[in-house]
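There are 4 protein chains.
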Amino acid sequence: MPRTGLCRHTHDQIFYRDKSLVDDLMGTAPFSAVMFRQILNRDPSIGEQKMIDAILVTLMEHGMTPSAISARLIYMSAPESLQAGVAAGLLGVGSTFIGTMEGCGQLLARIVDHGDQAREMQRIIHEHKLARKALPGFGHHLHKPDDPRATRLLNLAQEHDTASRHVHALRRLSLEVDRSHGKHITINATGAIAAILADIGVPVAAMRGFAVVARAAGLVAHLVEEGRNPTGRFIWDLVDHSIPFEADTPVA
Amino acid sequence: MPRTGLCRHTHDQIFYRDKSLVDDLMGTAPFSAVMFRQILNRDPSIGEQKMIDAILVTLMEHGMTPSAISARLIYMSAPESLQAGVAAGLLGVGSTFIGTMEGCGQLLARIVDHGDQAREMQRIIHEHKLARKALPGFGHHLHKPDDPRATRLLNLAQEHDTASRHVHALRRLSLEVDRSHGKHITINATGAIAAILADIGVPVAAMRGFAVVARAAGLVAHLVEEGRNPTGRFIWDLVDHSIPFEADTPVA
Amino acid sequence: MPRTGLCRHTHDQIFYRDKSLVDDLMGTAPFSAVMFRQILNRDPSIGEQKMIDAILVTLMEHGMTPSAISARLIYMSAPESLQAGVAAGLLGVGSTFIGTMEGCGQLLARIVDHGDQAREMQRIIHEHKLARKALPGFGHHLHKPDDPRATRLLNLAQEHDTASRHVHALRRLSLEVDRSHGKHITINATGAIAAILADIGVPVAAMRGFAVVARAAGLVAHLVEEGRNPTGRFIWDLVDHSIPFEADTPVA
Amino acid sequence: MPRTGLCRHTHDQIFYRDKSLVDDLMGTAPFSAVMFRQILNRDPSIGEQKMIDAILVTLMEHGMTPSAISARLIYMSAPESLQAGVAAGLLGVGSTFIGTMEGCGQLLARIVDHGDQAREMQRIIHEHKLARKALPGFGHHLHKPDDPRATRLLNLAQEHDTASRHVHALRRLSLEVDRSHGKHITINATGAIAAILADIGVPVAAMRGFAVVARAAGLVAHLVEEGRNPTGRFIWDLVDHSIPFEADTPVA
Numbered sequence: 001m002p003r004t005g006l007c008r009h010t011h012d013q014i015f016y017r018d019k020s021l022v023d024d025l026m027g028t029a030p031f032s033a034v035m036f037r038q039i040l041n042r043d044p045s046i047g048e049q050k051m052i053d054a055i056l057v058t059l060m061e062h063g064m065t066p067s068a069i070s071a072r073l074i075y076m077s078a079p080e081s082l083q084a085g086v087a088a089g090l091l092g093v094g095s096t097f098i099g100t101m102e103g104c105g106q107l108l109a110r111i112v113d114h115g116d117q118a119r120e121m122q123r124i125i126h127e128h129k130l131a132r133k134a135l136p137g138f139g140h141h142l143h144k145p146d147d148p149r150a151t152r153l154l155n156l157a158q159e160h161d162t163a164s165r166h167v168h169a170l171r172r173l174s175l176e177v178d179r180s181h182g183k184h185i186t187i188n189a190t191g192a193i194a195a196i197l198a199d200i201g202v203p204v205a206a207m208r209g210f211a212v213v214a215r216a217a218g219l220v221a222h223l224v225e226e227g228r229n230p231t232g233r234f235i236w237d238l239v240d241h242s243i244p245f246e247a248d249t250p251v252a
Numbered sequence: 001m002p003r004t005g006l007c008r009h010t011h012d013q014i015f016y017r018d019k020s021l022v023d024d025l026m027g028t029a030p031f032s033a034v035m036f037r038q039i040l041n042r043d044p045s046i047g048e049q050k051m052i053d054a055i056l057v058t059l060m061e062h063g064m065t066p067s068a069i070s071a072r073l074i075y076m077s078a079p080e081s082l083q084a085g086v087a088a089g090l091l092g093v094g095s096t097f098i099g100t101m102e103g104c105g106q107l108l109a110r111i112v113d114h115g116d117q118a119r120e121m122q123r124i125i126h127e128h129k130l131a132r133k134a135l136p137g138f139g140h141h142l143h144k145p146d147d148p149r150a151t152r153l154l155n156l157a158q159e160h161d162t163a164s165r166h167v168h169a170l171r172r173l174s175l176e177v178d179r180s181h182g183k184h185i186t187i188n189a190t191g192a193i194a195a196i197l198a199d200i201g202v203p204v205a206a207m208r209g210f211a212v213v214a215r216a217a218g219l220v221a222h223l224v225e226e227g228r229n230p231t232g233r234f235i236w237d238l239v240d241h242s243i244p245f246e247a248d249t250p251v252a
Numbered sequence: 001m002p003r004t005g006l007c008r009h010t011h012d013q014i015f016y017r018d019k020s021l022v023d024d025l026m027g028t029a030p031f032s033a034v035m036f037r038q039i040l041n042r043d044p045s046i047g048e049q050k051m052i053d054a055i056l057v058t059l060m061e062h063g064m065t066p067s068a069i070s071a072r073l074i075y076m077s078a079p080e081s082l083q084a085g086v087a088a089g090l091l092g093v094g095s096t097f098i099g100t101m102e103g104c105g106q107l108l109a110r111i112v113d114h115g116d117q118a119r120e121m122q123r124i125i126h127e128h129k130l131a132r133k134a135l136p137g138f139g140h141h142l143h144k145p146d147d148p149r150a151t152r153l154l155n156l157a158q159e160h161d162t163a164s165r166h167v168h169a170l171r172r173l174s175l176e177v178d179r180s181h182g183k184h185i186t187i188n189a190t191g192a193i194a195a196i197l198a199d200i201g202v203p204v205a206a207m208r209g210f211a212v213v214a215r216a217a218g219l220v221a222h223l224v225e226e227g228r229n230p231t232g233r234f235i236w237d238l239v240d241h242s243i244p245f246e247a248d249t250p251v252a
Numbered sequence: 001m002p003r004t005g006l007c008r009h010t011h012d013q014i015f016y017r018d019k020s021l022v023d024d025l026m027g028t029a030p031f032s033a034v035m036f037r038q039i040l041n042r043d044p045s046i047g048e049q050k051m052i053d054a055i056l057v058t059l060m061e062h063g064m065t066p067s068a069i070s071a072r073l074i075y076m077s078a079p080e081s082l083q084a085g086v087a088a089g090l091l092g093v094g095s096t097f098i099g100t101m102e103g104c105g106q107l108l109a110r111i112v113d114h115g116d117q118a119r120e121m122q123r124i125i126h127e128h129k130l131a132r133k134a135l136p137g138f139g140h141h142l143h144k145p146d147d148p149r150a151t152r153l154l155n156l157a158q159e160h161d162t163a164s165r166h167v168h169a170l171r172r173l174s175l176e177v178d179r180s181h182g183k184h185i186t187i188n189a190t191g192a193i194a195a196i197l198a199d200i201g202v203p204v205a206a207m208r209g210f211a212v213v214a215r216a217a218g219l220v221a222h223l224v225e226e227g228r229n230p231t232g233r234f235i236w237d238l239v240d241h242s243i244p245f246e247a248d249t250p251v252a
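Chains as they are written, first to last, in the working numbering: chain F, 1 to 252; chain U, 1 to 252; chain V, 1 to 252; chain E, 1 to 252.
The set of hints was computed from the structure by calculation and includes no laboratory data. Accuracy of the hints is not assured; some may be wrong.
Which copy is meant is left open, so a pair is good if it fits within one copy or across any two.
Said to hold, decoys possible - Taking lysine to any residue pairs in the SDA-like style, the calculated list, with each CA pair at most 20 angstroms apart, reads:
#1 K144 / D23
#2 K19 / V251
#3 K129 / T96
#4 K183 / H11
#5 K133 / A109
#6 K133 / I185
#7 K19 / T249
#8 K129 / I185
#9 K144 / D178
#10 K133 / E80
#11 K144 / R123
Make a model of the complete structure from these sequences and hints.
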């Protein structure tokens, strides 16, 4: 039967799961802790709370990304709807960049669930080589030789004692990847985040949600800046003048 | 000239404004504090930090709202895109429900900027009566006689010493509203939030951004629940069977 | 009571309003005619059909617009969701560019509903001068001295005999605008479309819908092209390198 | 090098590919023909034009679908943004319902590209049985024993002489499916559309675009109706009251 455990309300009370919003959460619980509770239906430990904050902060911003550019252009076109600019930008939290988090999460699940982890790692590396596909969670076009966010996140997870089977699997997989490629390939931020969230118990299908919330905050900052220092018209002209018209052949 | 002050990155560093993401923010700063910094370009005080968390927590969730229903239906239709479900839901953070925050923010700005505040309040109440429009920030269809979230938020703002001219204006406006209507009309959550954010220095045009981020978190929780206990098909059938077909007259 | 007159279906039939989809519409009715029927609940005349096609064709495409750039960037980020790219782009059909259609529609309604049309035109021109706001439906940053689409559309409306009170009001308003500015200001495409749709009987609040559908088709073409000749990565790099980082002052 | 073949414009001309918008298209070309040209970069034949119209008309409307419900709820929440309601609804044109068009398109491509078509059909049926997955393009929860839209579309394709290898493959696959299941399973509308579009030369990755445009038109009609006969508040209350709160177990 359809039901929800997230919220109920009466004339003078609102409950978020089993807590009173007004009496138990407002004024005491940080936003990220309540978000954690609503998604996972339990309180985070102190270490988990630290890691969720670190992950959300990491995913908030990366400059003039496709998401940020789109959000700014849409906000220029519909300044009455800040939410539309954010929504347009969030639609870019798709498979190309952020989906790698889930791809990596699935690989790590395969490894930790397998009796012979070393062999499963070999199989994973072999499969991706054969298909000439990048291994999700590894490599970065900009941050080389190491993605500083991944290094920091993995150290924090150790320090706050949330690192467990998935983080260990990721570290071992990284050694195998380097050996197999004959050079160092960085663990990227989405790879580290996938491992840390998996150790905390976040289902693979929910991981992208943390990127969505973090990026929403980053995009709001972009749109507030856009309102003060507009870039939209400049971007439009720049792109329009830089992509020439050229007659094409029929598609079909 | 177009420019951005939000983020810059090199091969081994990422800066959020003037701070190093890796060295200064990850592991130390809570998500809501970094969000505040990115939007307002300064650190929150301890009291402001508390208020931002309380406001974000308040705006996160209100059960099966139009936003949540839409997010769930879109997620059922495109489960490969959790971000699309969230984006669809966020598009509901529009003028009808959340836009009242800005409406109230504008009224409070009119009051505090005016030499004769008492007279400006009278004028505002009169204008809305004349136009038969609800006063933004006042009244709630469910939470009567008082919206418990507003009461709590205003008390917290007093306690954390962020309440200033706009909160005071709201409280005085509330007394005038009650007198003028001959009965008590609640200050609602969006009214209290508008006043508190205005006292913190959030521009009216940026206020909606806090609702967008908070609601994004709430919607992620809805979609994770939807993945475990689907309601989408039930909602579809329920609505389809409850709205009968009836031939209509031409529009034009 | 809630009801719908748009569609009903049984095991072996689907009705679009009062017509059988399979027996009455498929294979005989053009897409734009069925769209017209569904929106306005009557059949278009032959002239109206011509005008709706001309208007939809006009609104389909204008090159690398903010909508098209956003759609392409989101499609690059989430190629599994062509619909997300289109949706992101459509969110740009907002007040800045397309909303002028409604603005112009409202002015024309004021004029035709007024006893002394000449005086109402003067009042409208005066109001906009005073507020230093552009008159919706007039002027174009690129197409000068005349927007060729507007000229053609107004001629077509004459030819197909759909031009009536609103088109005449627009033509007379245009003469007044030129006189008042002491130079020729073009009627732009959205101005002409507003007048023509109003004469057909399309409510002002529904006008934007024609832009949405037309632009959806244009954006699909952009995304199919993007799949064959990607521009997304180029746009991203171009924008990222062209907007420098510069530390900013606090917002508040 | 990045380039576009879709549109270029000067001060007094706009070109859609190689045609002048004003001189060649407005007033002569139907919307669906121009859409076809922009997407496929060639003119449709008379038969292809008929089929594109029939397909777009078929995909426009199916009553109170998840897309339509979402569009209406978002429009209620943000009536200033008709485009946001449409965008929210379009996000539902995802894998669950419409994605089957591409799934079927891929199967038909496998069949027609294979030397031994009969054997490839057996393999496809076997694979889906093994994986307990529905065969895309077959079956409908409502329209039984036959989806009347599919029957009509396939007859029209025959009549207009666009039916070729993919339609024939679909008909033969249908016979195999019936034999293998020991009962008749309908070819559904998305299956028929996939075959017809493939015969016309539409790439599988572009097929969804036709659903997006058609549905955009349907959603505009829903929102115009919603503006006249609101259902949003009714839907909200109905759903809120029909899904009870029940405490849940932790996710992790």
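Quick rundown of the hints versus the structure:
no.	hint	result
1	K144 / D23	between (48 angstroms within a copy, 18 angstroms between copies)
2	K19 / V251	between (58 angstroms within a copy, 17 angstroms between copies)
3	K129 / T96	within (19 angstroms within a copy, 31 angstroms between copies)
4	K183 / H11	between (63 angstroms within a copy, 18 angstroms between copies)
5	K133 / A109	within (19 angstroms within a copy, 24 angstroms between copies)
6	K133 / I185	within (14 angstroms within a copy, 38 angstroms between copies)
7	K19 / T249	between (62 angstroms within a copy, 14 angstroms between copies)
8	K129 / I185	within (14 angstroms within a copy, 41 angstroms between copies)
9	K144 / D178	within (14 angstroms within a copy, 56 angstroms between copies)
10	K133 / E80	between (42 angstroms within a copy, 17 angstroms between copies)
11	K144 / R123	neither (26 angstroms within a copy, 45 angstroms between copies)
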